[in-house]
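Here are the chains, one letter per residue:
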Amino acid sequence: MSTSTSETSAIVRHWWKIAGVVLVLYSLIWGMLGAVPRLFVLNETIRNLYYHVTMWFGMMAMMGVSLFYSIRYLNKSNIYDDFKAEQFAFAGILLGLLGITTGSVWARFTWGGWWVNDPKLNGAAISLLIYFAYLILRNSMDEEQKRGRVAAVYNIFAFALLMVFLMVYPRLNKVDSLHPGNGGNPAFSAYDLNSSMRLVFYPAVIGWIMIGTWISTLGFRIKKLEYQKMMDSFSNNGKGIESNNNIL
Amino acid sequence: MKAFKILFIFLLMLFVTPLMATEIPLGAEMADAFRADGKIYVVVAVIAIVFIGLAVWLFRLDRKISRLEKNHKS
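Chains C and F supply the protein sequences, listed in that same order. Following my numbering, the numbering of the first sequence begins with 1 at its first residue and continues without gaps. Following my numbering, the numbering of the second sequence begins with 1 at its first residue and continues without gaps.
So here's chain C without its partners, still in its complex pose:
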């Protein structure tokens, strides 16, 4: 009896992980089987909207949450907020790398090159480099409060630059971009992104955001455990050299 109630409460607690998996699975299946508009040049590759574009939406959501925790760290100085900011940025970078790789493959077969001189591509590459620097900056500092504060401030800059490079710069009218909705190009709505495509695309975005969040929380929980263990061994200092050796 008690095991069944604890199991149902586990399902209630983890419902969003299950929902994320179901939504992504749904988008994987219906992304392939569903109806899409027949367009020249794009042909069937229009389905990449479900698999490539969702990576970028997921990345931006992860970076947004990372920014939120960085700001909260600056306000409250809770080390766990700093850990969360790091882990969400990490998941965002993972999704961004997948986005840039899949975009490269898509570009090869529709625009004719693995890398074309497109403002959105270059902007995405620069933003990823900025976030790599965020991780390197973190690792370069040992003192945890200093690391947390410097990393949080840098993260605010990084997010502002991400928005500029991915959302503002490619949309300028003076810039030529191959991406829909950018540089004077019509957005996907003009390509008659019909309702059946939206019905796969939006659930896919939500699903990937949930899975990205899941991965971030897993990373955070591991970091938290490591941190607590380290703190325990500090407080057990008198018990012998053994515990000290574990930290060093």
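Misleading hints may appear alongside valid ones.
To be verified - Covered stretches of chain C, as calculated for chain F (at least 3 residues, CB under 8 angstroms):
#1 15-23
#2 26-32
#3 212-221
The set of hints was computed from the structure by calculation and includes no laboratory data. Every residue gets a Cβ at the ideal spot worked out from N, C-alpha and C, and that includes glycine.
On the provided structure of chain C, position chain F as indicated by the hints.
Frame of chain C, contents of chain F only:
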């Protein structure tokens, strides 16, 4: 529990609605023969299995971390 019912119905609707929208106008070249052969379902099945496998792995990892957290607290 009511929230679950609503979620379930929502997900069910998501799965069913694209089935209804399958008009195929002529125009640009699409993988019609590939679809007509019916073999596309094999690919879809493979993709689904790979993703389910990854999801199961994530769930197991989640459980392992939960166990570590429980051990640490006690």
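Taking the hints in turn, this is what the structure says about them:
1. 15-23: holds (count 6)
2. 26-32: holds (count 5)
3. 212-221: holds (count 4)
Of the numbered hints listed earlier, not one is contradicted by the structure.
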